[in-house]
Amino acid sequence: MRKTWIAAVACALSFGLAACGGSAPSGAAGNAPAGGVSPEGTIKIGSLHPLSGAAAADGQQMDNGAKLAVEAINNAGGIAALGGAKLELLSADTQGKPEVGQSEAQRLVQEGAVGLVGTYQSAVTANVSSVAERNKVPLVIDVSSADSILAQGYKYTFRVQPSSTVLGTRAAQYLSEVSTAANTPAKTVAVLHEQGPFGTAIRDSFTAEAQKLGMTVGPAIAYDAASVPDLTTQMTQVKAAGVDVLVVAGYYRDGVLAAQAVQTVQPGVDAVYGVANGAFDLAQFPAEVGQAGEGFFDANYHADMTKPAMQDLANLYEERYGDTIRTGAVLSYDSVNVIAQALQKAASADPTAVRDAIAGGSVDTLLASSGPIAFDEKGENKNAIPILMQVQGGTIRQVHPDSFAEAAPVYPGQPAPVSR
Amino acid sequence: MTTTAPADAAATRPPLPWGRVAWVLGVIVVAIVLAYVQSGSGIVVSQAVVTGILVGGVYGLVAMGLTLIFGVLDIVNFAHGAFLALALFATYWLVASTGMHPYVALGICTVVMFVLGALVQRGILAGAMGRPLENQLLITLGLAMIIENALLLLFGADPRSVALPGDRGVPILGAVADLSRILAFAGAIVLAGLLFLLLQRTRLGTAIRAVAADQAGAELVGIDTRRIYMLTFAIGTACAGAAGALVAPLVTIEPTTGAQFNIIAFVVVVLGGMGNVVGALLSGLVIGLAEQVGGLLLPGQSPLLSVFIVFVLVLFLRPQGLFGRSG
Chain A
1 MRKTWIAAVA CALSFGLAAC GGSAPSGAAG NAPAGGVSPE GTIKIGSLHP LSGAAAADGQ
61 QMDNGAKLAV EAINNAGGIA ALGGAKLELL SADTQGKPEV GQSEAQRLVQ EGAVGLVGTY
121 QSAVTANVSS VAERNKVPLV IDVSSADSIL AQGYKYTFRV QPSSTVLGTR AAQYLSEVST
181 AANTPAKTVA VLHEQGPFGT AIRDSFTAEA QKLGMTVGPA IAYDAASVPD LTTQMTQVKA
241 AGVDVLVVAG YYRDGVLAAQ AVQTVQPGVD AVYGVANGAF DLAQFPAEVG QAGEGFFDAN
301 YHADMTKPAM QDLANLYEER YGDTIRTGAV LSYDSVNVIA QALQKAASAD PTAVRDAIAG
361 GSVDTLLASS GPIAFDEKGE NKNAIPILMQ VQGGTIRQVH PDSFAEAAPV YPGQPAPVSR
Chain B
1001 MTTTAPADAA ATRPPLPWGR VAWVLGVIVV AIVLAYVQSG SGIVVSQAVV TGILVGGVYG
1061 LVAMGLTLIF GVLDIVNFAH GAFLALALFA TYWLVASTGM HPYVALGICT VVMFVLGALV
1121 QRGILAGAMG RPLENQLLIT LGLAMIIENA LLLLFGADPR SVALPGDRGV PILGAVADLS
1181 RILAFAGAIV LAGLLFLLLQ RTRLGTAIRA VAADQAGAEL VGIDTRRIYM LTFAIGTACA
1241 GAAGALVAPL VTIEPTTGAQ FNIIAFVVVV LGGMGNVVGA LLSGLVIGLA EQVGGLLLPG
1301 QSPLLSVFIV FVLVLFLRPQ GLFGRSG
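Listed in order, the protein sequences are those of chains A and B. Heads up, the first sequence is in this note's numbering, so the first residue is 1 and it goes up one at a time. Heads up, the second sequence is in this note's numbering, so the first residue is 1001 and it goes up one at a time.
Source of the hints: derived by calculation from the structure; they are not laboratory data. Small disclaimer: the values here were computed from a predicted structure and weren't measured. Even glycine gets a Cβ: it sits at the ideal position worked out from N, Cα and C. It is possible that part of the hints are untrue.
Unchecked claim - Covered stretches of chain B, as calculated for chain A (at least 3 residues, CB under 8 Å):
#1 1022 to 1030
#2 1148 to 1159
#3 1176 to 1184
#4 1295 to 1307
Between the sequences and the hints, there should be enough to build the whole structure, so can you do that?
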């Protein structure tokens, strides 16, 4: 009997370790150096990302992106309006845990950061944004899609990436445009999504817009991204439903499982269509799944590879870190630039002045976007949009809208099902 | 603890109470029929059953080493998932650097992990044997963190994969399954069989069962319990090594990949009866089916919901596990 008890404790503990929410109290910072300029004359910016844990690959990319931005600004002479003051990046590891992110944010603020960028996971960002608000230090969110973060009415939080509402809505529009242009309009759509706030928010916003555009959406199938071992059963449900298009909203590992299940089950859809999918637009994806991922679409926020400055950054990243730059790193790069330009505009390193300058600013971006980064009264980037990408010949190509296209979309994207 | 045969003696009794197996099978059949009524598609249900059995085999495979260590050493080994990750990376490294077949790497992995397990038990855990539960628990937890972060340092955070040459979809009863999954399932059955033979038919196995049943008694009849502890931990870790090589073609390999199996593996261990290797394989199948068929029965819910409904029900009705003897 004792062992059963031990085992029950073990299960409970592993849950606790995996998912305990942050409730660590943290007082307001009382002793940040006045003006935000340290005695050495550098201005500190905090970078909060998951450098270890399950999302470490993305977190490290994003931290590298922030470092490259600081380096570029310093090489160009620092902040001119503050006498050429140099920037200094304080990197912190959130481990992907809300409570760690919260205490690290507090630490960076106490060390004198005039602005924060981060943090990738919505749950972590939610906690960090409350620290930013309490200490009156601006937080520029590079990646975190949950709508709820900016629904708090916070004054010190801004988001560069498009919200899940914008992502889902635009994705439905692009699907309608591309499939109609190919004379095989998508009429019925199945949605396969991870069950967390991200996946369900994308499902809801996509479904709402798709129905307006005359598509029928269903079935919607949820799975647990952290533990799902296989998606063939779910794919067979899609096959049995006989839909035109399969929409997939999830992260990297489950995206790979989805591609494998598509290859095994052959659901017979015209297109596998990711919405803000964490796998389908990464260079690693076609490398890992090979032919199984060919023709997959993804409507997602993305670096605009048609911009020369973006190509330079991609080359620099490749040279420096020996890896292909991901869009997350570009968002961090842009987010640091948002703070730097606000410092320049405010001609002050006082966090509140920086916050006001961010709110009224307009900053050029390396992202595919409908204009420069500019924030509305809620703190959302007004010009953030997703674009459509497709795996073509083993590489990710931008295919839609036309102004961002590197290649024409191939629709239907899936080969006709092989009869078994 | 009772004075008659305690639950600790799990490893000493015949592997399966057949009446209870039949009862479990009956429940599964009812669940499948309900899933058919709910979804109305025979192909979806047969796919769920095939996938559930194959995935369940993987769960059982991962849980076998854990249950052995649990049953004999009384250690809640939180490092089991990290050992699995280590084996995944070892397989990846062997396959990527020498181009060898993943199943050739299986042999190497198993031996390397056996030695590592022996070293870890003798070097790190031996001092904590017989001490309060938290001591060993915290040691294995720390070990898991060290292994995961060492892998992160060495290999970086980018996901990796191992391809099985000639992998393809195989049709079964109107459903399809990847060949790599079928082979991993076969590997799980072979491994369970080997462990069963080892425990039931060899001197070492008899000694292990004796230590599991009664440590003091085993010492009285001249069994070197320290050696048995070391060998059992090594065998359990070698199981994680074999599981890693078999599972490598099925998963995205990251330092945290092993940890994602931890929770399910503990559930499987408890359901199967602590220390019962064949029970672990069977309850792995139960959990795999609960996840897949339950996903159909409760559409829109997390598949894990049905797993934990089954888990809670079993803990409530049979706290010693589905295939454990009453305490």
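Results of checking the hints against the structure:
{"no.": "1", "hint": "1022 to 1030", "in the structure": "violated (count 0)"}
{"no.": "2", "hint": "1148 to 1159", "in the structure": "holds (count 6)"}
{"no.": "3", "hint": "1176 to 1184", "in the structure": "holds (count 4)"}
{"no.": "4", "hint": "1295 to 1307", "in the structure": "holds (count 8)"}
Hint check: a violation occurs at hint 1 only; the rest are consistent with the structure.
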